[in-house]
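Chains as they are written, first to last, in the working numbering: chain F, 20 to 209; chain L, 159 to 330.
In short, the hints are calculated from the structure, not lab data.
No residue lacks a Cβ here, since even glycine has one placed at the ideal position from N, Cα and C.
Do not take every clue at face value.
DEER-style ranges, computed between Cβ atoms [unchecked claim]:
#1 L:237 to F:87: 51 to 59 Å
#2 L:285 to F:154: 33 to 41 Å
#3 F:37 to L:301: 49 to 57 Å
#4 L:285 to F:37: 32 to 40 Å
#5 F:61 to L:188: 53 to 61 Å
#6 F:200 to L:234: 20 to 28 Å
#7 L:323 to F:117: 31 to 39 Å
#8 F:150 to L:304: 23 to 31 Å
#9 L:323 to F:61: 19 to 27 Å
#10 F:87 to L:311: 33 to 41 Å
#11 F:164 to L:314: 50 to 58 Å
#12 F:138 to L:301: 48 to 56 Å
#13 L:198 to F:150: 26 to 34 Å
#14 L:256 to F:87: 20 to 28 Å
Which stretches of chain L does chain F cover? Using the computed rule of at least three CB atoms under 8 Å from a CB of chain F, they are [said to hold, decoys possible]:
#15 173–184
#16 283–291
#17 318–326
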Amino acid sequence: MSAEPTPVDDVVGRWSPDDLGVEGSVLEVVTAPAAVLSTEGEEVDPTDPEVVQLAADLVATMRVSPGCVGLAAPQVGVGARVFCVDVSAHPKTRSHHGTFVLCNAVVLESSRNEKAREGCMSVPDFTGDVKRASRLTVTGRLPGTGEEVTVTAEAFEARALQHEIDHCSGLLFLDRVAGAHAVHPRKTYL
Amino acid sequence: MTLHAITVLGHDRPGIIAETTGVLADLGLNLEDSTMTLLRGHFAMMLLCAGDVAGADVEEALAPLAADGSLTVAVREVPTEEAASAAGPSYVLTVHGGDRPGIVSAVVAEVARAGGNITDLTTRLSGRLYLLIAEVDLPSTADPEDVAAALRTAGAELGVEASLRPVESDDL
Chain F
20 MSAEPTPVDD
30 VVGRWSPDDL
40 GVEGSVLEVV
50 TAPAAVLSTE
60 GEEVDPTDPE
70 VVQLAADLVA
80 TMRVSPGCVG
90 LAAPQVGVGA
100 RVFCVDVSAH
110 PKTRSHHGTF
120 VLCNAVVLES
130 SRNEKAREGC
140 MSVPDFTGDV
150 KRASRLTVTG
160 RLPGTGEEVT
170 VTAEAFEARA
180 LQHEIDHCSG
190 LLFLDRVAGA
200 HAVHPRKTYL
Chain L
159 MTLHAITVLG
169 HDRPGIIAET
179 TGVLADLGLN
189 LEDSTMTLLR
199 GHFAMMLLCA
209 GDVAGADVEE
219 ALAPLAADGS
229 LTVAVREVPT
239 EEAASAAGPS
249 YVLTVHGGDR
259 PGIVSAVVAE
269 VARAGGNITD
279 LTTRLSGRLY
289 LLIAEVDLPS
299 TADPEDVAAA
309 LRTAGAELGV
319 EASLRPVESD
329 DL
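Starting from the given sequences, assemble the full structure and let the hints guide the process.
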């Protein structure tokens with residue numbers, strides 16, 4: 020069975036961090052049990068220069084972090100509903116929208132749950148089996164212009180979006196693992 | 159038919175399970191439920207096996223495993239338990255936060271107060287992060303919203319996050 024292609028939202032697909040017009044700085048990523056990771060993020064004004072800078076910083080930090088496909092503001096210590104995603108280089112990705120940042124994103128529709136093992140830069144020592152929708156429609160605003168966009172994502176991009184939106188709501192993948200044997204240590208203690 | 163509960167604990171190395179189960183197979187014992195994990199690098203295994211063998215004979219056959227002092231092996235006869243069917247729906251409890259003494263006891267006390275039964279439990283400590291994940295059967299008399307609220311309150315007093323959500327199982 021071949022999957023039908025998912026329409027890629029043009030505005031989001033064409034969007035580039037260069038559109039922000041500011042240089043991003045690499046920020047320190049905080050790890051659990053930092054309180055900010057368990058705090059619901061505040062809604063932001065996507066046209067606020069501080070939010071634009073935060074968007075650029077998130078992208079810059081994501082890009083220097085090996086294997087990182089998304090980063091949310093709480094992960095750099097900011098309790099705000101802003102995150103960036105870029106799954107384009109990940110082998111599990113089907114369609115994708117490249118690099119983009121969304122503010123105040125919410126899930127409109129989700130379907131086709133699939134379980135997979137995920138990790139998180141803010142929980143570096145564990146991975147966990149989490150069931151997430153593999154079809155997802157999300158709406159949010161682009162930083163800078165503040166334009167409202169709707170993204171329909173599938174497969175790994177859909178998973179990444181749900182993971183980042185959870186961060187913005189103060190939730191970690193640990194809050195969604197499937198059971199007592201669904202968390203796996205990444206380190207061995209010798 | 160005797161049911162033996164066997165625990166093997168100690169320094170991890172390749173081959174412990176192979177040796178243990180090889181001895182049990184040679185005795186004609188039948189493995190029933192078992193579980194094994196590493197607890198901070200320590201090998202930890204529990205298994206139940208059934209057969210017409212005296213406990214002392216099982217112990218003697220497993221004694222070479224413990225001979226170099228790196229493993230502790232215990233054999234104990236246990237009665238057959240009828241697997242209790244879950245009285246009500248099942249939930250997953252997640253607790254995470256900064257490590258401190260008393261997190262587990264405070265949280266599971268709320269589960270016990272509600273008459274909930276923990277059927278599976280894993281806790282992990284990594285750096286400062288303490289993590290508990292439990293599967294909980296709640297009696298039909300318990301309101302899961304109330305239990306979740308009590309768990310959040312107990313967690314908040316310790317500065318940790320506690321959440322309770324229904325187990326999702328899809329019967330195919």
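* To do: For residue 87 of chain F and residue 311 of chain L, compare the CB-CB distance with the range 33 to 41 Å and indicate the outcome.
  => 35 Å, holds
If you check the beta carbons of residue 256 of chain L and residue 87 of chain F, does the distance land in 20 to 28 Å? 25 Å, holds
Is the hinted range of 32 to 40 Å satisfied by the C-beta distance from residue 285 of chain L to residue 37 of chain F?
37 Å, holds
Regarding residue 150 of chain F and residue 304 of chain L, is the given constraint of 23 to 31 Å on their beta-carbon distance met? 25 Å, holds
Return holds or violated for the Cβ distance of residue 285 of chain L and residue 154 of chain F against the range 33 to 41 Å. Once the Cβ atoms are compared, 36 Å apart, the range 33 to 41 Å for residue 154 of chain F and residue 285 of chain L holds.
Just to be sure I understand the hint, the distance between the Cβ atoms of residue 323 of chain L and residue 117 of chain F should be within 31 to 39 Å; is that true here? At 33 Å between Cβs, range holds.
Cβ-Cβ distance between residue 138 of chain F and residue 301 of chain L: within 48 to 56 Å? Since residue 138 of chain F and residue 301 of chain L have Cβ atoms about 35 Å apart, the given range 48 to 56 Å is violated.
Check: Could one say that the CB atoms of residue 164 of chain F and residue 314 of chain L fall in the range 50 to 58 Å?
Finding: Violated: the Cβ-Cβ distance is about 40 Å, outside 50 to 58 Å.
- Query: How does the Cβ-Cβ distance of residue 37 of chain F and residue 301 of chain L compare with 49 to 57 Å: does it lie in that range?
  - Reply: The hint (49 to 57 Å, Cβ to Cβ) holds, given that residue 37 of chain F and residue 301 of chain L are roughly 53 Å apart.
If I claimed the Cβ atoms of residue 200 of chain F and residue 234 of chain L lie 20 to 28 Å apart, would that claim hold in this structure? Because 24 Å falls inside the window, the suggested range holds.
* For the range 26 to 34 Å, tell me whether the beta carbons of residue 198 of chain L and residue 150 of chain F fit it or not. => Check passed, 29 Å falls within 26 to 34 Å.
Three-residue Cβ test at 8 Å for the coverage of the stretch 318–326 of chain L by chain F: holds (count 6)
The structure fails to meet hints 11, 12 and 15 from the earlier list, while all remaining hints are met.
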